[in-house]
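*Asks:* Starting from the given sequences, assemble the full structure and let the hints guide the process.
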Amino acid sequence: MSCQRVQYILSELSRILLAALLLFSGFVKGVDPIGGAIKIEEYLRVMGLGSLQAMAPALSVALCSFEFLLGGFLLMGLWRRFTAWATTLFMGVMTLVTLYLALFNPISDCGCFGDALKLTNWQTFGKNVFFMAVTIVYLLTYRKASRPLRGITGSVATALLLLGWGIFVGGNLRHLPLIDFRPYKVGASLRELTMIPENAPQEEIEYLFIYEKNGLRETFNMEELPDSTWTYIDRQERVIKEGYKPPVMDFAIYAGGSSQQATEREVTQTMLLNESPQIWVITPNWETIPIQMGRKLNALYDWAESVGVAMYGISGSTPEERGRWRNKTAAAYPLYFCDGTTIKTMARAQPSVILVSDGVILDKRAARDLPDKYTDQDYEKLSALLRQAPHAGLHIERWGLLVAWIIFCLVMLIQSVQWEDKSKYSEYQIKTK
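In full-length UniProt numbering, the protein residues as written are 1 to 433.
Warning: the hint list may mix true and false statements.
To be verified - Pair ranges (Cβ atoms, derived):
1. Asp339 to Gly215: 44 to 52 Å
2. Val411 to Asp250: 28 to 36 Å
3. Ile407 to Ala200: 43 to 51 Å
Claimed, not checked - Straight-line C-alpha distance at most 27 Å; calculated DSS-like pairs for lysine-lysine:
4. Lys185 to Lys118
5. Lys185 to Lys245
6. Lys245 to Lys118
7. Lys127 to Lys144
8. Lys344 to Lys296
9. Lys344 to Lys185
10. Lys144 to Lys118
11. Lys373 to Lys296
12. Lys296 to Lys245
13. Lys245 to Lys344
14. Lys118 to Lys344
15. Lys241 to Lys118
16. Lys213 to Lys241
17. Lys185 to Lys296
Since the hints were made in silico from the structure, they are not lab data. In this text, a Cβ means the ideal position worked out from N, Cα and C, and glycines have one as well.
*Replies:* See below:
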């Protein structure tokens with residue numbers, strides 16, 4: 001095998017590997033750009049740049065778009081020099097960042113694949129070291145890489161990619177994520193997510209006691225406690241065996257805390273054990289919701305009350321903030337409390353509407369997608385939803401152009417390979433004549 005052939009193979013393999021990595025990484029971030037913004041806020045706080053948190057959504061969109069589009073250009077073989085150097089710079093920065101994360105662990109989950117795939121910091125660093133090596137191979141051999149799409153086909157493919165990606169990310173920003181990688185997805189049982197089974201493994205803890213005598217400190221376990229001549233100093237706990245931990249450990253809903261009721265009471269189990277349908281309107285903070293949305297939610301509450309469906313407003317707001325929301329919007333539905341971080345995990349839109357029955361999430365959507373007025377047909381839709389399996393729409397308007405781009409690229413790639421084979425066969429025939 002000639003040296004040029006080896007360089008060509010290495011260039012093609014590295015190009016495809018890098019394209020696959022960047023397309024996957026950009027896609028799973030683009031599915032949930034609000035989740036990416038939450039992770040970027042965490043990075044900014046660690047770096048002491050908390051004042052820049054307002055830029056997190058824009059940075060999240062920029063990051064996932066850069067990755068996905070760069071991966072798309074690599075796959076199509078466009079702008080080889082630019083993509084080679086851009087990939088090298090990007091992978092170099094990411095490798096250094098993940099080395100810092102692995103050494104000092106300021107953040108337990110780097111978020112490189114969003115919520116779709118969780119890696120430890122050392123696993124992420126190892127992954128980046130491998131792909132950094134692949135990147136260097138491509139940087140040294142990119143001139144040998146094929147260009148399956150060029151000219152008019154390259155322009156058409158680029159237009160499909162840019163337009164399709166813009167619609168995809170915009171839809172995921174405006175509505176709920178197209179794919180829900182979190183525990184609170186449609187069809188999930190909140191009771192199963194939060195409960196500990198009866199026969200689940202229990203956590204085993206060893207208690208160690210520190211005593212002192214004549215200036216000497218020693219540690220004893222329960223079976224070796226010293227006599228009364230020793231002075232007790234402190235107690236330590238050591239986990240010998242980890243017990244079962246439910247997928248969701250911090251889910252709790254509280255009622256009260258208003259001026260009429262000074263203390264809050266937990267109502268989590270009451271709500272999860274209720275077999276009747278419930279509508280939960282959730283938001284991290286009512287202060288961020290426009291008053292116009294209050295009118296839409298009031299219309300939803302009036303309709304829900306008329307058909308016998310309970311509705312609750314659940315937020316991470318303080319009692320004072322809940323009171324202000326009620327005064328501004330004349331909200332008649334009960335306003336409950338849940339941790340704001342938990343609410344951000346449950347649904348990304350502000351606010352979001354969740355339909356729950358018997359502790360199972362039957363439907364979830366952004367409140368902006370609700371109608372302004374309700375008819376009998378809306379009730380029929382709700383009734384049908386309660387009678388059938390958990391529902392999720394196809395949302396083809398959001399991903400249709402991206403699929404068209406993939407199909408177009410595959411067709412062009414196949415034609416490119418066939419054309420190359422025909423060219424080589426023609427050259428062989430000429431040489432043998």
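*Asks:* It remains to establish, for every hint, whether it holds in the given structure.
*Replies:* Cross-check of the supplied hints:
1. Asp339 to Gly215: 44 to 52 Å: holds (47 Å)
2. Val411 to Asp250: 28 to 36 Å: violated (49 Å)
3. Ile407 to Ala200: 43 to 51 Å: holds (47 Å)
4. Lys185 to Lys118: Holds: lysine 185 and lysine 118 sit about 17 Å apart, inside 27 Å.
5. Lys185 to Lys245: Holds. Lysine 185 to lysine 245 sits at ~19 Å (cutoff 27 Å).
6. Lys245 to Lys118: holds (17 Å)
7. Lys127 to Lys144: holds (25 Å)
8. Lys344 to Lys296: holds (21 Å)
9. Lys344 to Lys185: OK: lysine 344 and lysine 185 at ~13 Å, within 27 Å.
10. Lys144 to Lys118: Violated, at about 35 Å.
11. Lys373 to Lys296: holds (8 Å)
12. Lys296 to Lys245: violated (39 Å)
13. Lys245 to Lys344: holds (21 Å)
14. Lys118 to Lys344: This hinted pair holds, its Cα atoms lying about 18 Å apart.
15. Lys241 to Lys118: Roughly 23 Å separates the two Cα atoms, so the pair holds.
16. Lys213 to Lys241: The hint is violated at about 32 Å.
17. Lys185 to Lys296: holds (24 Å)
Hint compliance for this structure: hints 2, 10, 12 and 16 are not met, and every other hint is.
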